[in-house]
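Protein chains in written order, with the working numbering: chain L, 5 to 532; chain W, 5 to 532.
There could be a bad hint or two in this list.
Copies of the same chain are indistinguishable here, so a pair counts whether it falls within one copy or spans any two.
To be verified - Calculated lysine-lysine pairs in the DSS-like style (CA-CA distance at most 30 Å, straight line):
1. 115 x 512
2. 449 x 251
3. 411 x 354
4. 358 x 512
No lab work stands behind these hints, which were simulated from the structure alone.
Number of protein chains: 2
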Amino acid sequence: MELTGKNIMGSTSSAKGETLFYASNPSTGQQLNTPYHEATLQEVDEAITLAEVAFTEYREKTGSEKAAFLETVADELAALEQEIVGIGSQETGLPVGRLTGELGRTTGQLKLFASLLRDGSWVDARIDTADSNRKPVPKPDTRQMQIALGPVGVFGASNFPLAFSAAGGDTASALAAGCTVVVKAHPAHPGTSELVGNAIINAAKKSNMPNGVFSMVHGASIAVGQAIVRHPLIKAIGFTGSFRGGKSLFDEAARRDEPIPVYAEMGSTNPVFVLPGALKENHEALATGLSGSVQLGVGQFCTNPGLTIVPEQEEGNLFENVLKESISNAESATMLTDSIQRAYNSGLEKLRSKEAVDSISYGKKGEQQAQGIPEVLSVSANDFLSDKDLEEEVFGPSTLLVRTQDKAEMVKIAKGLNGHLTATVQGTETDLVEHADLLKILERKVGRLLINGFPTGVEVCHSMVHGGPFPATSDSRMTSVGTAAITRFTRPICYQNYPDTLLPDELKTDNPLNILRLENGAYVLPDK
Amino acid sequence: MELTGKNIMGSTSSAKGETLFYASNPSTGQQLNTPYHEATLQEVDEAITLAEVAFTEYREKTGSEKAAFLETVADELAALEQEIVGIGSQETGLPVGRLTGELGRTTGQLKLFASLLRDGSWVDARIDTADSNRKPVPKPDTRQMQIALGPVGVFGASNFPLAFSAAGGDTASALAAGCTVVVKAHPAHPGTSELVGNAIINAAKKSNMPNGVFSMVHGASIAVGQAIVRHPLIKAIGFTGSFRGGKSLFDEAARRDEPIPVYAEMGSTNPVFVLPGALKENHEALATGLSGSVQLGVGQFCTNPGLTIVPEQEEGNLFENVLKESISNAESATMLTDSIQRAYNSGLEKLRSKEAVDSISYGKKGEQQAQGIPEVLSVSANDFLSDKDLEEEVFGPSTLLVRTQDKAEMVKIAKGLNGHLTATVQGTETDLVEHADLLKILERKVGRLLINGFPTGVEVCHSMVHGGPFPATSDSRMTSVGTAAITRFTRPICYQNYPDTLLPDELKTDNPLNILRLENGAYVLPDK
Chain L
5 MELTGKNIMG STSSAKGETL FYASNPSTGQ QLNTPYHEAT LQEVDEAITL
55 AEVAFTEYRE KTGSEKAAFL ETVADELAAL EQEIVGIGSQ ETGLPVGRLT
105 GELGRTTGQL KLFASLLRDG SWVDARIDTA DSNRKPVPKP DTRQMQIALG
155 PVGVFGASNF PLAFSAAGGD TASALAAGCT VVVKAHPAHP GTSELVGNAI
205 INAAKKSNMP NGVFSMVHGA SIAVGQAIVR HPLIKAIGFT GSFRGGKSLF
255 DEAARRDEPI PVYAEMGSTN PVFVLPGALK ENHEALATGL SGSVQLGVGQ
305 FCTNPGLTIV PEQEEGNLFE NVLKESISNA ESATMLTDSI QRAYNSGLEK
355 LRSKEAVDSI SYGKKGEQQA QGIPEVLSVS ANDFLSDKDL EEEVFGPSTL
405 LVRTQDKAEM VKIAKGLNGH LTATVQGTET DLVEHADLLK ILERKVGRLL
455 INGFPTGVEV CHSMVHGGPF PATSDSRMTS VGTAAITRFT RPICYQNYPD
505 TLLPDELKTD NPLNILRLEN GAYVLPDK
Chain W
5 MELTGKNIMG STSSAKGETL FYASNPSTGQ QLNTPYHEAT LQEVDEAITL
55 AEVAFTEYRE KTGSEKAAFL ETVADELAAL EQEIVGIGSQ ETGLPVGRLT
105 GELGRTTGQL KLFASLLRDG SWVDARIDTA DSNRKPVPKP DTRQMQIALG
155 PVGVFGASNF PLAFSAAGGD TASALAAGCT VVVKAHPAHP GTSELVGNAI
205 INAAKKSNMP NGVFSMVHGA SIAVGQAIVR HPLIKAIGFT GSFRGGKSLF
255 DEAARRDEPI PVYAEMGSTN PVFVLPGALK ENHEALATGL SGSVQLGVGQ
305 FCTNPGLTIV PEQEEGNLFE NVLKESISNA ESATMLTDSI QRAYNSGLEK
355 LRSKEAVDSI SYGKKGEQQA QGIPEVLSVS ANDFLSDKDL EEEVFGPSTL
405 LVRTQDKAEM VKIAKGLNGH LTATVQGTET DLVEHADLLK ILERKVGRLL
455 INGFPTGVEV CHSMVHGGPF PATSDSRMTS VGTAAITRFT RPICYQNYPD
505 TLLPDELKTD NPLNILRLEN GAYVLPDK
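Isolated chain L (complex conformation) (with noise of 0.2 Å):
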């Protein structure tokens, strides 16, 4: 499949600027073939324009219409698996097999929006009835549902070619919500992104949604993602990346003349904390298990185990020693982009340039370009409570040890922690029980709270919470994985003295969508 490097502007491409920029494979460092036409600010503007049309249109369609478009995409994804994967493990480094798992994952959870919509009930419909003798004023009849924001700017994530970028979760909510969508496609990968945005484009034509539903732009130059951003046309972003990257929008979007909502995934360094039962019954395990989750997408997880809290105990030092042991006889492997590789080397050169830092055990470098380098690094827990620092994610392949002298020191650093998507605890049912504490405080630290587990591994599905307090995301009240994550892209509305007719289905007084409502303060969920 021949690639163009235009940008998807509805059903058209469109390649106007005169500034090119090109993919690389990371595991060769060699510069890929097709040049990529950054979008200049009036393509972004013509794209947004044609979002705000086909928002009109696209907004009015029923729930089993987005679903199956929903649905064709997935269809549509699938069917070119082979080149998708091809050109993303060219563009990423990624192996094949976790890119068919990615790109399976991406048309589940597009699937999994098209059910939410057939079922209908995600809209929070509540009717109250009137009542016309009510003292000392008549009651109006009101009925409130959730309706789509506008068109929404998405921006593909480095880490997840597929199922956090052009057809990833934001895309997929926001679409499901009734937004329109312009993506701007990461260019680390913008042929992946090309393959999946026509994909994209064939199902919209297929499903008779409006020309504009979706479009791609591409720019390598941080002026694309700003227009969108300050666009008046646009009314909510979908983003997930650095801290950096991901501050810098929400900041731009609060000085707009509207301020819009930004959703922004930051990352995280996801503590774990290792309690002294679990430690002593079963340190190898653990430290193997942890090894496993530090080194999974080569580190490249938002949800990364970069912080481990171990007790100074005998078994820690076992632990500790399995885990080193596990480190030093991994092997690189090729990390997304040349750049993301020397961020996470200049992020160890730091932790390593401490004092009171040690890197206790690194792995093997392999032959190919941009490796990342398994590591394990070492603090005492005074050292790490005496530096906020060494609470900042290294995205990459490596953890930081705290080693804790008693439980107290471990609710301190529980208590001081940011926030983070995720916090684990490895515990005995003694340990939990113990530390009850431990986990309330970690409650307020997180949007995921995990037992006997490792953070690496976010479930698609209704109860999932990718988000979680700040800086992990600009946005704690959301989260950007399972279904949840449609809410980010809507708001109420509230329908008085409507005739039944002109209301949407969804509150018309005879159901007949068989959805589940609030109705005069009962929840009323028709058989299906």
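With chain L's structure known, arrange chain W on it following the hints.
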């Protein structure tokens, strides 16, 4: 009942500051006796620190315990009715009947949130159970629910000294969410606030709530409010007031090291569209009804109809005449404060000074101070469309009549609107069918759409939306009235692989609270 003029720091009071201010009776212009102590920055910090300490305990209270607390607040307020209404009418110039009604609404809100807590289903519980046989990796058990954000800062509003003030909707919903609250009392009714604040403290004691679950500080300068918004332990802000005030809090919060959500309801002009058929059938009742809605509460409602769009047909002139007649017979009334009255006058003056705008009718000035005189102004659609100033809220009993040549002009006006809290359409069945496009446009502009009613009067119920796109509010995704307001102060958390005993009751497998849950994608609604 003796007023102390002191800040309420949980169960103690404090008056460390040397800056004093006084309330005054707007109808006489006379200063009232009690000196109020503006809180020092240290007192603000103490109140918030106390709220943080209390939060760790308060968030663990069961729904029933929190419900009992809210109900006790309502009882305490009802028991103080005479005192509250007495001081309230002195401080605000509002009639006793209105304040009595507003107190009923305030206690009603508290009880409604209590009933929401007793039902328990508001937490949006979601459960996806484990599947150890799933390939390629086992599926973990994940469970999600909403939890409280932390201490919340609430700014009392001038225009509803009870329902949007110390124990108003923001406080009630934040306490219901499980947050502790620090109120900044509105300096125009500090005595009313003190009585209400004391009632909350008494209820907290009687209900065994932790000291610091509620505090209230005074301040006539902006320093106190800024200190609340800037305080790192404050996790969200509720505000109802002017655009300038709300936007400055929003900006302040966005600039924090850790940005926090600000729910600012910043006012709105609440356009009313009168369609040709309704006008033909019913011009007299419509004009009289509008006149009443404009004057209600001396026009000091966020939902006051400040903009009325009426076709240039014969009955449009008749409508205008009836409205003029009605307003010219109307009496002025005392506004909430001297400065609100001055702002009303200067807002009108700004309108009148425009060449395109005519003042076509005004009411009679009464004897008392701070009189708001009802007024109708008029402008052609064409002139309205060319001057964005004309859409701005003039807080008080006035409306700007916009006369349109045809449907196209009406649609153009709708398309050009900023965000508002409400829009109203007066129309016959035929009108509504013929103006379906107008309704669709308005849907994107407001939080509540009314047919054949008037926007004043905000029902407190499950389906109400008192919110809307910017600049009506700073966050269109939320409502400040009705039970959905509770989610402003919560965020989702996911528990992964948690032992049942450690899960909150809302998520335990056997559903001990008997709440609605989404279990493996299916809504499960136990019999109650």
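Status of each hint after checking the structure:
Proximity of residue 115 to residue 512 under the C-alpha cut-off of 30 Å is found in both arrangements, the shortest distances being 27 Å within a copy and 29 Å between copies. Taking CA atoms no more than 30 Å apart as the test, residue 449 paired with residue 251 passes in both settings, with 19 Å inside one copy and 28 Å between copies. In the homo-oligomer, the alpha carbons of residue 411 and residue 354 lie at most 30 Å apart inside one protomer (29 Å), although the nearest pairing across protomers, at 66 Å, exceeds that limit. In this assembly of identical chains, residue 358 and residue 512 lie within 30 Å of each other by CA distance neither inside one copy nor across copies; the values are 65 Å within and 45 Å between.
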